[in-house]
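Sequences listed follow chains A and B, in order. Using this note's numbering, the first residue of the first sequence is number 1, and each one after it goes up by one. Using this note's numbering, the first residue of the second sequence is number 137, and each one after it goes up by one.
Calculated from the structure, these hints are not laboratory results. Be aware that one or more of the hints could be misleading.
[What the hints assert, rightly or not] Computed beta-carbon distance windows for the label pairs: (1) 316/B x 18/A: 48 to 58 Å; (2) 280/B x 18/A: 40 to 50 Å; (3) 303/B x 1/A: 52 to 62 Å; (4) 42/A x 230/B: 27 to 37 Å; (5) 61/A x 241/B: 49 to 59 Å; (6) 316/B x 111/A: 16 to 26 Å; (7) 2/A x 183/B: 52 to 62 Å; (8) 160/B x 106/A: 54 to 64 Å; (9) 2/A x 262/B: 26 to 36 Å; (10) 108/A x 210/B: 12 to 22 Å; (11) 19/A x 202/B: 46 to 56 Å; (12) 90/A x 224/B: 21 to 31 Å; (13) 283/B x 64/A: 15 to 25 Å.
[Stated by the list, open to error] Below, computed lysine to aspartate or glutamate pairings styled on EDC-like, alpha-carbon distance capped at 16 Å: (14) 309/B x 230/B; (15) 263/B x 19/A; (16) 312/B x 29/A; (17) 136/A x 19/A; (18) 263/B x 18/A; (19) 263/B x 63/A; (20) 263/B x 5/A; (21) 110/A x 262/B; (22) 263/B x 111/A; (23) 312/B x 111/A; (24) 227/B x 306/B; (25) 309/B x 25/A; (26) 106/A x 5/A.
None of these values were measured; they are calculated from a predicted model. Built from N, CA and C at the ideal position, the CB exists for glycine as well.
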Amino acid sequence: MSINEIQEEIIEEFDLFDDWMDRYEYIIDLGKKLPLIDTSLKTEERLIKGCQSLVWLNAKQEEGKIIFTADSDAIITKGIIALLVRVLSDQKAKDIAETELYFIDKIGLKEHLSPNRSNGLVSMVNQMKLYGAALK
Amino acid sequence: MAFTTLIQGDIHYAGLWFDLAHRHGGGEMIETCTFEKTTYNELPFKFEAGTPDIAGVIGLGAAIEYVQQIGHEAIGQHEQELLEYGTAELKKIEGIRLIGTAKNKASVISFLLDGTHPYDVGTILDKLGIAVRTGHHCTQPLMNRLGVPGTIRASFAFYNNKEDIDKLVEGVKRAKRMLL
């Protein structure tokens, strides 16, 4: 699936929820699932620091595509990371670098990606795109 | 060596200062102005270009008057009551850990909810319209020493009441149900 097809799919999924409670419960469930990253990869150089929560991001190349794995110490951040990984992982570097991520805004989670919230997510998205730009 | 460094530092500082002084123009920061030469007013006026913050000054005056009318003693007493009530109510929630319990502390409660991250609790409280601060509170060395990733902090002021605290307590309970 292309990046935009996955974004559309997520937007449709979130349309099913009536209010923020349900949306957040879904994100929390995503966050509670098994670790998204191998514990051995939770190292200092893979750490993206935020004032509020920590994010670990790992990227590897496989058959012309980039595979991302990531994790966070906060569950809501981790749930959003799960969505970002779903959208951007296993895609071509060029597509990752050039994509416009609009689903976060559409599903009502924009505030988590505001530069005012230093939760590591903004840096994570930038870092993912940088990997795309560097590896294309 | 030190002397040279000092001089260089001063030159650099003077340059920066010049830059600062002329970054914004207009209003009382000008002394004289001709086609040949412009001179600037003395300190502090040269840094105060444009219209002064008149509304802000009047607003501050009104705020000071308001606080004086209520009185510092009454405010202190009210805040102390809120602190005691809030502490007692939050303690009733299982898994609450208060960080900072000094005697005579100000009317703030910094806490953690076992098994949750402060950011997650703060996000849910925010969605419920309850404003708290989460994170390191600009004291990372202290947070490291305490071995915590940050805290959730509620601050009470004289315009808060017990009902606000009840809402906070309900919000924390709801966050606990959602997160654990």
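Here's how the hints hold up against the structure:
no., hint, in the structure
1, 316/B x 18/A: 48 to 58 Å, "23 Å, violated"
2, 280/B x 18/A: 40 to 50 Å, "42 Å, holds"
3, 303/B x 1/A: 52 to 62 Å, "43 Å, violated"
4, 42/A x 230/B: 27 to 37 Å, "30 Å, holds"
5, 61/A x 241/B: 49 to 59 Å, "54 Å, holds"
6, 316/B x 111/A: 16 to 26 Å, "23 Å, holds"
7, 2/A x 183/B: 52 to 62 Å, "54 Å, holds"
8, 160/B x 106/A: 54 to 64 Å, "40 Å, violated"
9, 2/A x 262/B: 26 to 36 Å, "34 Å, holds"
10, 108/A x 210/B: 12 to 22 Å, "42 Å, violated"
11, 19/A x 202/B: 46 to 56 Å, "38 Å, violated"
12, 90/A x 224/B: 21 to 31 Å, "52 Å, violated"
13, 283/B x 64/A: 15 to 25 Å, "44 Å, violated"
14, 309/B x 230/B, "9 Å, holds"
15, 263/B x 19/A, "11 Å, holds"
16, 312/B x 29/A, "14 Å, holds"
17, 136/A x 19/A, "40 Å, violated"
18, 263/B x 18/A, "15 Å, holds"
19, 263/B x 63/A, "42 Å, violated"
20, 263/B x 5/A, "29 Å, violated"
21, 110/A x 262/B, "14 Å, holds"
22, 263/B x 111/A, "11 Å, holds"
23, 312/B x 111/A, "22 Å, violated"
24, 227/B x 306/B, "13 Å, holds"
25, 309/B x 25/A, "15 Å, holds"
26, 106/A x 5/A, "14 Å, holds"
In this structure, the hints that do not hold are numbers 1, 3, 8, 10, 11, 12, 13, 17, 19, 20 and 23, in rising order.
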